[in-house]
Amino acid sequence: MKEKSFASKIWNLFRNNSVPFMFIIICAVCIPISGFSLNYLLAEIITRIARNSFLILSLLIPIMAGMGLNFGMTLGAMAGEIGLILVSDWQIWGIPGMVLAMIISIPISVLLGVICGKIMNLARGREMITGYIMNYFINGIYQLIVLYAMGAIIPIVHSSIILPRGYGIRNTVSLLSMRQSLDNLLAIRFGGIKIPVMTFAVVALLCLFIVWFRKTKLGQDMRAVGQDMEVARAAGIDVERTRIISIVMSTVLAGFGMIIYLQNMGNLSTYTAHSQIGMFCIAALLVGGASVDRASIGNVFLGVTLFHLMFIVAPSAGTVLMGDSMIGEYFRVFVSYAVITFALIMYETKKRRTSSLAGRELALAQKEADK
Amino acid sequence: MSDKKAPLLEMKNVSKSFFANNVLQDINFKLEEGEVLGLVGENGAGKSTLMKILFGMTVIKETGGYGGSVLINGEKVQFDSPFDALKAGIGMVHQEFSLIPGFTATENILLNREPEKVSVVSKVFGSRLNTLDRKKMDEEASESIDKLGVMIDKNMVVNQMPVGHKQFTEIARELSKKQLKILILDEPTAVLTEKEADALLESIRGMSKRGIAVIFITHRLHEILDVCNKVLVMRDGVIVKETAASETNVDQITKWMVGRDNTASAKVGAGRARLSEQESEVIMSIKRLWVDMPGETVRDVSLDVFNGEILGIGGLAGQGKLGIPNGIMGLYESGGSVKFDGKDIPLNHPRKCLDSQIAFVSEDRRGVGLLLDETLEWNIAFPAMQIHNKFLKNYLGGLIKWRDDKAIQEITNKYIDSLQIKCSLGSKQLARELSGGNQQKVCLAKAFALEPRFLFVSEPTRGIDVGAKALVLDALKKFNRESGVTVVMISSELEELRFICDRIAIVSGGKISGILPADRPSEEFGKLMISNVR
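Line order of the protein sequences matches chains A and H. In terms of the working numbering, the first sequence opens at residue 38 and continues consecutively. In terms of the working numbering, the second sequence opens at residue 831 and continues consecutively.
Looking at chain A on its own, in the form it has when it is part of the complex (with noise of 0.2 angstroms):
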């Protein structure tokens, strides 16, 4: 009897985190094929982490009020990117640069966001699908800015910034002069392999952060908010407020973590980058064994190392394997995807394993009641 329990233990264990298992054997099968040195993998997951754990985090707090894995981040995103896009034209460099085009990106960000949280106000139990929606729609705002309200109303002077016909941004803003100036603040070595110490403090800073967030009044509020409205409203907690708050908050991280994310890379696209950091953000939450209304901080550091050593490894896999290194950049899109809708069907199906619970303990009770 002792024993099968053991053994089923292990099966929920698989069956609840099916999907970081997946990416583990996904990983230790490529790892060999790939024929990468430890060192290399070492090296590149460091970066990675460091360039994407603080957007990946952002993610955490609207999960907390029960607004499911929404896009909002995105909107956070375009507002770094403004930020970005103005302190390179009037040439601040540096950190200085970095933090002018948070501060900058603040108000946007805070903007964007209360309009966000009022219409998933409106979409409530659908906020998943309504911000990925909604992306598209202020995407074409920011485009109509970045595109002809630059240099046309906001002045923009510097010519490597700005279109030749003089109003519009280019499709590549370079950020060479502000490139891992973060990273490479107080940078230690470790046998070859860089350290960013200053942006994992900055990482760790958000994570204490999120860490006392949750023991405040209003963290208690949105965990109350997230699990059930009605009764939190009933308790006078004011719903709609608490939701928009939480949307606020992303947005703000969001557009502080794209600023970071972007010095690392040491360029802006100007059209493109924030258009799939928000699917690429929710699909590594998700491999490190996140869901729709449960996610940790943990779950960030397994996913982000996860989803990108796959990205690192499935390349060159994929040159070994096929002779095409195109198979790469094709698998991580079609990876993130499919982890996406996988979790969204564990997450139903994990809710009608629950309800159908409970039709099985009458049963049971029944069959006892005969003996």
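Worth flagging that the hints you see were computed from the coordinates, not collected in a lab. One thing to keep in mind: the hints can contain errors.
[As the list claims (entries may be wrong)] In silico lysine to aspartate or glutamate, DMTMM-like type, Cα no more than 25 angstroms apart, as pairs:
no., chain 1, residue 1, chain 2, residue 2
1, A, Lys-387, A, Asp-265
2, H, Lys-1117, A, Glu-398
3, A, Lys-254, H, Asp-1234
4, H, Lys-966, A, Glu-398
5, H, Lys-1025, H, Asp-1066
6, A, Lys-388, H, Glu-1163
7, H, Lys-1007, A, Glu-398
8, H, Lys-1011, H, Glu-905
9, H, Lys-917, A, Asp-275
10, A, Lys-388, H, Glu-926
11, A, Lys-254, H, Glu-944
12, A, Lys-254, H, Glu-905
13, H, Lys-1011, H, Glu-969
14, H, Lys-1182, H, Glu-1053
15, A, Lys-252, H, Glu-970
16, H, Lys-1169, A, Glu-398
17, A, Lys-254, H, Asp-983
18, A, Lys-252, H, Asp-983
19, H, Lys-1341, H, Asp-1194
20, H, Lys-1220, H, Asp-1235
21, H, Lys-1220, H, Asp-1234
22, H, Lys-947, A, Glu-398
23, H, Lys-1008, A, Asp-275
24, A, Lys-388, A, Glu-267
The structure displayed is predicted, hence computed values, not measured ones.
Given chain A, put chain H in place with the hints provided.
Just chain H, lined up with the frame of chain A:
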């Protein structure tokens, strides 16, 4: 201030009507500090409405407010929302749990009233960034659990608790409110085991000693006698009896609850009862059925239905009578076995039931029963088209099927005439635009058009006016007598069942507590109804 000692709560001439339908009339009672008042009555007697008025539920205001006045400590009060009532010291524990599933008992007890610690951050950014004072929360929760006098683990997460503990957590939450003077408990023992119920009664006595007045609503009458000082019996929206609990007994209360004028029982359609039991064969045999329908759980029901009879299923709300048809028809998960006409009906497959010519008129008219945005024609003909390929013209040897609109219109008009469905636009009117009673008639017509051999009708008269009620009942009776269809009717109204049925089965606590011929006196049914309420 005029009185020397005004009662804690007084209701004067309180009345309430929903859409010209009087549900409460002339309610007068007083409640003193520390008094325990038992409130009993059948479903629809007006207990819940009365409590909603007292608790300031917004639904009362939205439907036009109430008449008369509510006085607390001799002063007239008017609550616009439950929050006003809470401020005035009234607490209520509802039948449905109002708890956050992923929170511990402590967190739920102090929901939105958590003790907080001020920090530098919160001074700058506002009080919502205060951190929670976990230590103080634990203390306060323990204190209110002590007041309750029942041991519950304050660190246990709600969705892992047994139901009884959830109930206690709710009560502890009300007790933790310092201003609490009156506590309303709406069927608190319904989900408790006997031992837990005893503990709750003990805790009610404790509250009363501490000066908290309790209004206790329950169907378990012996509990009322156990713990209450005073009993209020309600029937059809009026208080029929107010008495001291020590001066009455269960039989008497039951009689007051159901005892209408006994002349009504003359109308009972009995006589056929014994006939069907002896001569008819069993058409449906239900064995060991369980159904997981939230709020209407069915446990281990075995029941035989005879060919050609009208069987009534009655019982109090939440006892499982609605679960029986919903489970058999596959709308909620169920188990056990159902034999119809000698053949096993697989459970959890609505289509299989319909294929065997069993039809179901759901109590959820607007949700399950009707396509609200379609015409009457569509509503009536759709299932027959879908299930039995009726009203279809076949072309190319059945490869292409076309709707036979003319036949559909004919059958719809036939039912509009025979059931007197009131519709200004005729058979092309949308179902949404009809009144409740007429919608119910459409539901019946839909089931009749299937030409079933067996019909489940669930709460066919709920929420419809008297005239429509009589028509619906007559139509059912006629359908049974003329087409020889077996009918099982589920209703909360005993008198209605006694009027139309041959036999009546009473469900209590998810089980059949007894089957009686319809001509037995109503007290006997009343006793069965409360026999194993849980």
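**Prompt:** Of the numbered hints stated previously, which ones are contradicted by the structure, given in increasing order?
**Reply:** 3, 4, 5, 7, 12, 14, 22
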